[in-house]
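A.B. asks: The residues making up each chain are set out below.
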Amino acid sequence: MEILFYGIINSISLALMALGFTLVYGISRVPNFAHGALYVFAGFLTWIILNKLGLPYPLAILLALICSALLGAVISMGVLVRIRGMEMSEVIATYALGVAILEGFRWAGFKGMTYTLPPFFKGSVQILGVPIDYQRIMVVVLGVAVLAALWLFTRLTRMGLALRGIAQDERAAMMLGIDSDFAATIAMGIGCALAGLAAVILLPLGNIVIEAGYNVLIFAIAVCVVGGLGSWGGAVIASFVIGFAQILTVAYIRPQFQMVVALLAILVTLIIRPSGFFGRQKELEERV
Amino acid sequence: MAEEGRRKERIDRGIKIRTSGLYAISGWPELFYLIFPRFILIAGILSLPLVFSFAPYWRRVVCIVCIYAMLSIAFDFLANFVGLINLGSSFFIGLGGYLTAILNAQWGLPPVLSIPIATVAGAVISTILLLPCLPLRGIYFAIVSLMFPLIFEKLIQAFNILGGTNGIVGLDGFSNAWWEGYTIIVVTLIVLFGLRRLVNEDVGLVLRGVKDNDQAVKASGISVTFCKALAVFIASGIGCFAGAFLSHLYMWAGLSLFALDFSIMPIAATVIGGGGTLVGALIGSFILVPLSELLRSFGTLRVVFYSLVLTAFIIFKSEGIMVYAQRKYHQFERWVKV
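Just so you know, the protein sequences line up as chains A and B, in that order. Counting from 1, one number per residue, gives the positions in the first sequence under the numbering used here. Counting from 1001, one number per residue, gives the positions in the second sequence under the numbering used here.
Careful, some of the hints might be misleading.
Computed far set for chain A versus chain B, every beta-carbon distance over 10 Å [to be verified]:
1) 9
2) 115
3) 138
4) 146
5) 167
6) 248
If you want the footprint, here are the derived chain A segments under chain B, 3+ residues with CB under 8 Å [what the hints assert, rightly or not]:
7) 94-106
8) 264-273
DMTMM-like, lysine to aspartate or glutamate: derived pairs with alpha carbons at most 20 Å apart [stated by the list, open to error]:
9) B:1317 to A:87
10) B:1211 to A:87
11) A:111 to B:1261
12) B:1016 to B:1030
13) B:1337 to B:1012
14) B:1008 to B:1333
15) B:1211 to B:1319
16) B:1008 to B:1319
17) B:1328 to B:1012
18) B:1154 to A:211
19) B:1337 to B:1009
20) B:1328 to B:1009
Hints are computed from structural coordinates only; laboratory data are not their basis. Owing to the predicted nature of the structure, the values given are computational and were not obtained by experimental measurement. Glycine is no exception: its CB is placed at the ideal position from the N, C-alpha and C atoms.
With these hints in hand, go ahead and build the complete structure from the sequences.
C.D. replies: This is the structure:
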């Protein structure tokens, strides 16, 4: 029972981490290797606004999310638009930017175990004999809410439909008057805001550490690769697969292997079925 | 860029055609034109230990620069001649370093044996490990290659093998500093000119074919996977030698051999120096590594620094220093009416 509950919580956390990455890749075909850095960036920014500026918690979260969205948009406009289509440059540039952000925080002295965000609600509750704190329940609730909101956004709003149009067929969408670069910028903004949102929801469960940036990037990539890059349904299913696999390893083997599971999932998927187990986009020949 | 009605025309110098393509050298100036840049490079690098003979610290830095230069050349070779973007060069360093540490500190082989054995064994191991990933291209290979050093680091931590987080200590050092400096410099030069020769041979042509159009290579009846495996073997051998040398230099092999520096610095050096020239990668590391050594007191700020330099170069000057220099050396430009 414990494994079931914590497996679900872990899976939703993974889905939250991966959502921004898969959104950006799905729409603009940019592998955002700075994703994990944005996650940590939002976490530290919330901490700074909360503790140094003394603003209330919800306002701090809102500001941090806006800042990460803006940072994402700036990266997109300043860097990615100039090197669109050059895959190698995109990978290297986003990776370098991510490393710059993370190591910049490390240089500024944000290291160690001292940085924590307060949970939204304190305390815990017993469900079927399993103690679960409110924050973890919030993770599940908010995770599902974010997924639902994103689904509605891409299906009901004009902007969301435009983004999907770009994702499906860039040329046709451009002929219908959708600005591809603008859409990419919006996508990057939303993707980075989602990374930030994942950070503020998940970070109260532990400390904010720099290494989380690299870990989140790997988890996000693992989920996206297993689910098929750019496929959202696949990403959600894959996060459940990997989430439960991780919880099972922690329970039965050793906690240190959590990361190894994610890495092996990537390797095995890429070797067996590079388009991902649920990838619907037909670009196999492009990958292999 | 250019104004209306005219454009810049670039034409190869005649002397370039005679000295590079045909080798129809007909006099001292042309011989000089051909040899001068190479001579400057070789003499410059060989004289470095002499120049710094009174500054042991900087002599050590020259060794480190050469190690990074070899990694960068390997990265450039894989990325621009075979089309495999390797974000995890530190995997080669770590593999070579740990292998030589086992051979030397635990089995007692002297460095003269342990470094070559670690080089070859490391190349074989990394080729076998990367073999299943070789059908992948582009960002997919980049993702997988990013994983490898991380996986090894986590495994060593999790199983607490190979000295765990403390690493393996007690490797033999080099008997004297001249020996140490000139070994790595000579090997770097051999690697550089050897690879330059290789990419201009038939094998290099096929490898470039793999990068640009692997369907065509397949259609010619050449195994793409074999070509990629061969390239990975060469590149990882270079990387493993660098790693083995490094751990003998520090007389220690530990988890920091898998550190991020070894992965991102070669990329930065290649981009800054100019991808696809091989010399550019070397020049890039001769610029970047001493700079980051000067910035050592700033801690991780130097990583930030060269990440930003790297991004800036990718956006604004993606051709790199060496491509620019070669263009200026080999070609003249003039404005022509359109």
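A.B. asks: A separate judgement is required for each hint: does it hold in the structure or not?
C.D. replies: Hint by hint, here is what the structure shows:
1. No Cβ of chain B comes within 10 Å of the Cβ of residue 9 (chain A); the nearest lies about 23 Å off, and the non-interface call holds.
2. Its beta-carbon lying about 17 Å from the closest one in chain B, residue 115 (chain A) satisfies the requirement of being farther than 10 Å from that chain.
3. Against chain B, the non-interface label of residue 138 (chain A) holds: every CB pair exceeds 10 Å, the least being about 30 Å.
4. Annotated as non-interface, residue 146 (chain A) keeps its C-beta farther than 10 Å from every C-beta of chain B; the closest such distance is 25 Å.
5. Distance to chain B confirms residue 167 (chain A) as a non-interface residue, since its nearest Cβ pair spans about 17 Å, more than 10 Å.
6. No Cβ of chain B comes within 10 Å of the Cβ of residue 248 (chain A); the nearest lies about 16 Å off, and the non-interface call holds.
7. Remark: the segment 94-106 of chain A is confirmed as covered by chain B, as 8 of its residues place a Cβ nearer than 8 Å to a Cβ of that chain, reaching the required three.
8. Beta-carbon proximity to chain B at under 8 Å applies to 5 residues in the segment 264-273 of chain A; the threshold of 3 is reached and the given coverage holds.
9. Distance hint between residue 1317 (chain B) and residue 87 (chain A) is fulfilled; the C-alpha atoms sit about 16 Å from each other, no more than 20 Å.
10. At most 20 Å may separate the alpha-carbon atoms for a hinted pair to count; residue 1211 (chain B) and residue 87 (chain A) meet this at roughly 13 Å.
11. Restraint check for residue 111 (chain A) and residue 1261 (chain B): satisfied, since their Cα atoms lie roughly 18 Å apart, inside the 20 Å limit.
12. Simply put, residue 1016 (chain B) and residue 1030 (chain B) have alpha-carbon atoms about 9 Å apart, close enough for the 20 Å limit, and the pair holds.
13. With a C-alpha separation of about 19 Å, the suggested pair residue 1337 (chain B) and residue 1012 (chain B) falls inside the 20 Å cut-off, and the hint holds.
14. Restraint check for residue 1008 (chain B) and residue 1333 (chain B): the C-alpha separation of about 6 Å stays at or below 20 Å, so the hint holds.
15. Restraint check for residue 1211 (chain B) and residue 1319 (chain B): satisfied, since their Cα atoms lie roughly 18 Å apart, inside the 20 Å limit.
16. As the CA atoms of residue 1008 (chain B) and residue 1319 (chain B) are separated by approximately 17 Å, the hinted pair is consistent with the 20 Å bound.
17. Restraint check: the Cα-Cα separation between residue 1328 (chain B) and residue 1012 (chain B) comes to about 10 Å, which is no more than 20 Å; the hinted pair holds.
18. Taking the CA atoms of residue 1154 (chain B) and residue 211 (chain A), the gap is about 13 Å. The hint holds against a cut of 20 Å.
19. Annotation: proposed proximity of residue 1337 (chain B) to residue 1009 (chain B) holds, straight-line Cα distance about 10 Å (limit 20 Å).
20. At roughly 13 Å between alpha-carbon atoms, residue 1328 (chain B) and residue 1009 (chain B) fall within 20 Å of each other, so this suggested pair holds.
In the structure shown, no violation is registered for any of the earlier numbered hints.
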